[in-house]
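Once you've looked at the hints, dock chain B against the given chain E.
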Amino acid sequence: MVLYLKEFKIKWGMVIDLDKCTGCGACMVACQAENNIAPVVDASDKRRSMTWLLVYQLSNQKLYPDHDVAYLPRPCQQCGHPNCVPVCPVIATDKNEEGGIVSQVNARCIGCRYCIAACPYHARYFNWHDPVWPEGMEKTLTPDVSTRPRGVVEKCLFCHHRYMQARDKARVEGRDPNALAEGDYIPACVEVCPTGAIAFGDLMNPNHKVHQLSKSPHAFRLLERLGTDPQVYYLSRREWVRRQGDNILEHETVEGV
Amino acid sequence: MCDKELWPAGVQRCSLKYFLAWLVVVFAVLGWGVYAFYVVWSSGLHVTGMDNYFAFGLYIIFDLGVIALGAGAFFSGLLYYLVRVEGLKNIINLAVIVGFICYSGALLILALEVGQPLRSWFGFWHPNVHSMLTEVIFCITCYMLVLTIEFVPLILENRKLNKIKLLHHIAHNFHVIMPLFAGVGAFLSFFHQGSLGGMYGVLFSRPFVFREGFFIWPWTFFLFILSAVASGPAFTMLIATLMEKATGRKLVDFSVKALMGKIAGTMLAIYLFFKYLDTWGWITGILPRAGLTFDQMYYQLAYGKWLFYAELGVCGLIPAILLLVPKTRNTPGILYTAAILNCIGIVINRFVMTSQALANPVMPFDRWYVYVPTWAEWAPALAIIAYGALVLSLSYRYLPVFPQERKLNPV
Chain E
1 MVLYLKEFKI KWGMVIDLDK CTGCGACMVA CQAENNIAPV VDASDKRRSM
51 TWLLVYQLSN QKLYPDHDVA YLPRPCQQCG HPNCVPVCPV IATDKNEEGG
101 IVSQVNARCI GCRYCIAACP YHARYFNWHD PVWPEGMEKT LTPDVSTRPR
151 GVVEKCLFCH HRYMQARDKA RVEGRDPNAL AEGDYIPACV EVCPTGAIAF
201 GDLMNPNHKV HQLSKSPHAF RLLERLGTDP QVYYLSRREW VRRQGDNILE
251 HETVEGV
Chain B
1001 MCDKELWPAG VQRCSLKYFL AWLVVVFAVL GWGVYAFYVV WSSGLHVTGM
1051 DNYFAFGLYI IFDLGVIALG AGAFFSGLLY YLVRVEGLKN IINLAVIVGF
1101 ICYSGALLIL ALEVGQPLRS WFGFWHPNVH SMLTEVIFCI TCYMLVLTIE
1151 FVPLILENRK LNKIKLLHHI AHNFHVIMPL FAGVGAFLSF FHQGSLGGMY
1201 GVLFSRPFVF REGFFIWPWT FFLFILSAVA SGPAFTMLIA TLMEKATGRK
1251 LVDFSVKALM GKIAGTMLAI YLFFKYLDTW GWITGILPRA GLTFDQMYYQ
1301 LAYGKWLFYA ELGVCGLIPA ILLLVPKTRN TPGILYTAAI LNCIGIVINR
1351 FVMTSQALAN PVMPFDRWYV YVPTWAEWAP ALAIIAYGAL VLSLSYRYLP
1401 VFPQERKLNP V
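Keeping their order, the protein sequence lines are chains E and B. For the first sequence, the numbering used here begins at 1 and goes up steadily by one. For the second sequence, the numbering used here begins at 1001 and goes up steadily by one.
Possibly wrong hints are sitting among the right ones.
[As the list claims (entries may be wrong)] The calculated label-pair distances, taken between Cβ atoms and stated as ranges, are: (1) E:Gly183 x B:Val1034: 54 to 62 Å; (2) E:Asn106 x B:Lys1160: 48 to 56 Å; (3) B:Thr1141 x E:Glu7: 31 to 39 Å; (4) B:Val1314 x E:Trp240: 55 to 63 Å; (5) B:Ala1021 x E:Asn106: 43 to 51 Å.
Hint data in this document are derived by calculation from the structure and do not stem from the laboratory. By construction, the Cβ of each residue, glycine as well, lies at the ideal position given by its N, Cα and C atoms.
Here chain E stands alone, though its shape is the one from the complex (with noise of 0.2 Å):
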């Protein structure tokens, strides 16, 4: 069942090579420092933390000599069938723009939660709590990016602050802004990767790198086989990661799927 479904020409996407990532967890920090995410009130409780961008451990299962592990880094993943966005009551949340990042827009949300209910990558989180800066790191903030009050949900949005500022350097040198080179709009989290793990472009355009990337045969998305369309790719050589990607049946194969 279809509800909501919308084509564009330009998909913003991420192609993330989980044989790349060591887990170091920068994405995540350079994630909530630029996008104003307030030091939570107690980190332990990691059901109440707010991390738009979170790093999962994935373990193959199989003990020493054989043990492996990979780290996933979860973004929201932009589905392009998104169950969030039909959900909500009050279009809080929305697919609607060139380049197909999610919205939220923060100042309609009415804090309901039926779209983290119906996310099923948790990449969506509730403000539990009041945002409090320590005193001076308030000088930090990043001035595009509006900061939430408590009773709203909010989510990963590709940095689209930055999208926005590639857009209008485009239009003052004289560019297409419909037209972005590879490069003219990243993510925070793509720029600070250490090793490189994250690729960043238009899906839809041959001239980036991500167009050939989520090609591969070693690519794969998460939760494919529920419909979300993800414009998140990942890609691993290992087989019994691409296996942890979906639910696979005992008798089905990755390739099968």
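Just chain B now, kept in the frame of chain E:
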């Protein structure tokens, strides 16, 4: 000091002192709930057991439960005013009051549940026509108005108030147009009961609750309507019985209760027929398509398979049989037991669809968590029950709720 002048004509009530003592108990529980409201509104929802995994908790489970159990109001109204099932005349007032309590209580809890309660009106100002929740917001609010309109003439029939000519005429005219409101109420109720189920059914990214269906409505839309009308009449009948136990007086003839039981049993059997089909389709279709198995849907004791068997067997099939067979239905103890099981089964359904659906990990590398409500969730829920007790107590004492009371309790 006596309030006898306010009692309905020809009935006996307990002393005012005794009544006030009972109200003290009720207000104590209410006070605890009001304090919880203050704590949640002033410090935020982090005082609850909800988190980013359990976006919905006891507030929503409680709301879904009472809205289903309050369905006796619209369904009895539909059967009495439009289908003309005359036997329901003797319990229709109570059904309206129970519905009013359930819906107003649910709305109060919703004011706690949303993170930004002052923005609740956005649901009307910026409605998303694709969202089942929008439909719920619209229909529940409108139906609350209908229930209020249905309750007003009963209040105006208070012995003192009814002596005022204007109020007497208003009450009379409201009664005349009541079939219209019964129809409107039934229409609104069908949609919001269904949309509450639809809210879960449309979650295609949550295989635990996702269902296909007819046009824009998933099967859960229709299942929620059927389960509500299966449990609502049973709940109304149980409330009548509870009031009889509490007051020591006969309020409704047993034949009326048996009729409510028959209605509940019939609807429960119809519901279960479709629910079993739905469950079979879920196990053999939706789950394998998502790469999942039936066993993966259950976890330890908190979300174990016992819930499945309890909902569909012990609290489903068994009460349906007991309510459908005349011999068991006409035995008071069995009728009440079956009605209680029926209501428990529907509440388990609402719990499972809410809490277990969210606890169930969808990503293969994710894990199960267990939701435990805190006092800040129990207190408002108990306060709504206390609020219900308050409204019922006042209504019973001062309003002619039960037309048969005088006949059943000769002086």
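So, going through the hints one by one against the coordinates:
Under the hint 54 to 62 Å, the C-beta atoms of Gly183 (chain E) and Val1034 (chain B), about 58 Å apart, fit the expected range. For Asn106 (chain E) and Lys1160 (chain B), the Cβ-Cβ distance of about 52 Å falls inside the hinted range of 48 to 56 Å, so the restraint holds. Restraint check, Thr1141 (chain B) to Glu7 (chain E): a C-beta distance of roughly 36 Å satisfies the suggested window 31 to 39 Å. The supplied range of 55 to 63 Å is broken by Val1314 (chain B) and Trp240 (chain E), whose beta-carbon atoms lie about 42 Å from each other.
Taking the beta carbon of each, Ala1021 (chain B) and Asn106 (chain E) are about 50 Å apart, inside 43 to 51 Å as hinted.
The structure shown violates just one earlier hint, number 4.
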